[in-house]
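Trainee: Here is what each chain is made of, one letter per residue.
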Amino acid sequence: MAFASPHITATAVEATEFPDLARKYQVSGVPKTVVNEEVEILGALPEAAFIEQALSSPRQ
Amino acid sequence: MSLLSAADQQKLREAFDRMTRSVRLLFFSQAIGCETCGETRQILDELRGLSDRISVEEINLVLEGDKAKQYGVDRAPAIAIAYESGSSEPGGSGESGESDRSGESSGSGGSSEASSTGDGRMSDTMKDSRIRFLGAPSGWEFVSLVQAVLLAGGRESALSAASLDRLRAVDRPITMQVFTTPT
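For the protein sequence lines, the chains are A and Y, in the order given.
Note that this note's numbering has the first sequence beginning at 1, numbered continuously upward.
Note that this note's numbering has the second sequence beginning at 61, numbered continuously upward.
No wet-lab data here; the hints were simulated from the structure.
Careful: at least some of the hints might be erroneous.
[What the hints assert, rightly or not] Interface residues of chain Y toward chain A, partial, derived using beta-carbon atoms under 7 Å: (1) I191; (2) L224; (3) P233.
Note that CB positions come from ideal geometry on N, CA and C, so glycine has one too.
With the sequences and hints as input, model every part of the structure.
Mentor: Structure, rendered in structure tokens:
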């Protein structure tokens, strides 16, 4: 997704190496995707659903 | 001592041989307080050895804070992926189905351009893929890293045309953080 849009940056975070980040976003199961610090996606979703959910954040 | 089996190395070599662009792995490290920096360095060195199109640039988070900030990196180990926008291809990708990626092909003013800070190590044609890895890319993350390198290296996106259209319409900054654990 990040490669397809100049506005998107995507970071894969290894949770056990950064426990403070895992705590900050309350990561208890993986994969967990956090978008713009507000939308959370737990687990894997089909492509279209994942993208829709990721882009559903209401804030600018 | 190699991390990858000979068979895996060969498979990767073949995949990397098909890349049409050079890829630079920017490795953000620090000398103290980074337990997995050594492992990360080893993994990246091994990847670099599998293709002439892959280079690794190590950037010390503490000593080169400006460059780290440029990539929005404040942790180590971290990897950012940049790629050479094709000098012979106007669009920078040349792959079918991506000829109208105007966001990528504009050579000026692009917010994703990572221009050199004057140290001469990065050419002005290196573009940021906006893909980052935080933590050592071992286990399943290694697969993700390889796929990200191949994507930056010119492989066609695995996303559907509809998805790509949807993403092209994005007009505000979006950060995505995907948390994983080593397998």
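Trainee: Compare the structure with each hint and give your call.
Mentor: How the hints compare with the structure:
1. Against a cut-off of 7 Å between C-beta atoms, the interface hint on I191 of chain Y holds, since the closest Cβ of chain A lies about 5 Å away.
2. Against a cut-off of 7 Å between C-beta atoms, the interface hint on L224 of chain Y holds, since the closest Cβ of chain A lies about 5 Å away.
3. For P233 of chain Y, the shortest C-beta to C-beta distance to chain A is roughly 5 Å, which falls under 7 Å, so the interface hint holds.
When the structure is compared with the earlier hints, no violation turns up for any of them.
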